[in-house]
Amino acid sequence: QQQVRQSPQSLTVWEGETAILNCSYENSAFDYFPWYQQFPGEGPALLIAIRSVSDKKEDGGFTIFFNKREKNLSLHIKDSQPGDSATYFCAAASSNTDKVVFGTGTRLQVSP
Amino acid sequence: AQTIHQWPVAEIKAVGSPLSLGCTIKGKSSPNLYWYWQATGGTLQQLFYSITVGQVESVVQLNLSASRPKDDQFILSTEKLLLSHSGFYLCAWSHRGGQDTQYFGPGTRLLVL
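If you're matching them up, the sequences are chains A and B in order. When we follow our numbering, the leftmost residue of the first sequence carries the number 1, and every step to the right adds one. When we follow our numbering, the leftmost residue of the second sequence carries the number 113, and every step to the right adds one.
Hints were generated in silico from the structure; no laboratory data involved. Ideal Cβ positions, reconstructed from N, Cα and C, are used throughout, including at glycine. Accuracy of the hints is not assured; some may be wrong.
Short, incomplete list of chain B residues facing chain A, as computed with Cβ under 8 Å [what the hints assert, rightly or not]: (1) His117; (2) Trp119; (3) Thr155; (4) Leu159; (5) Val165; (6) Gly209; (7) Gln214; (8) Phe216; (9) Gly219.
Between the sequences and the hints, there should be enough to build the whole structure, so can you do that?
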């Protein structure tokens, strides 16, 4: 059972466009949602994260929009560059556990 | 600055053979430590976590075990490999718990034949 789902599975955008990556979850106890970026052959690295008390988080060209009622969130990558081409994972955790659940991932390709 | 090192970089092993993967964190005392498994093109599955020396919690059973013999060391092992153990093994650390940034190592690629 996949508790954190992402869509689309893969996405191609042109350089300069905004890429929108979606994530949904099932467990209402989740209250921390980090997004990780992973390049082929490397370990993931934290990109940006949001807590459920907020509905929006911005950091540079990355923005998370969070909808607690609908149990979904999205990552917007503004002015996408070829260097942003990677796999993006949405993850979820709750305050009373060390368990982290990763989503299915979205492979982003930014074409020049 | 904290650094995380994993060994070996890659392994090719036979089904039924034993395995030991290691992870060392330098520059951080008492980190929370994690093992993840990633199938090719797949998501990350958390396997184990440890908040202190000698204590390891299992998240999912995959015929693997983990130990934390020292504050800065996390070991993943099995006595008998299965084909399904092939994949990318990632060690990570965080300052506190699951609601903190996870810092991942470079990973170990394992192929079981």
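Taking the hints in turn, this is what the structure says about them:
This hint is violated: His117(B) has a C-beta 12 Å from the nearest C-beta of chain A, more than the 8 Å allowed. The interface hint given for Trp119(B) is broken, as the beta carbon of that residue sits about 14 Å from the closest beta carbon of chain A, more than 8 Å. With a least beta-carbon distance of about 5 Å to chain A, the hint placing Thr155(B) at the interface is held under the 8 Å criterion. The beta carbon of Leu159(B) is not positioned within 8 Å of any beta carbon in chain A (closest approach about 11 Å), and the interface hint is therefore violated.
Because the smallest distance between the Cβ of Val165(B) and any Cβ of chain A comes to about 15 Å, over 8 Å, the interface hint for this residue is violated. At about 5 Å, the closest approach between the beta carbon of Gly209(B) and any beta carbon in chain A falls short of 8 Å, and the interface hint on this residue holds. Annotation: interface hint on Gln214(B) holds; nearest CB of chain A at approximately 7 Å, less than 8 Å. Satisfaction of the interface hint for Phe216(B) is found here, the shortest Cβ-Cβ separation to chain A being roughly 3 Å, below the 8 Å cut-off.
For Gly219(B), the interface hint holds, since its Cβ comes within 8 Å of a Cβ in chain A; the closest pair sits about 5 Å apart.
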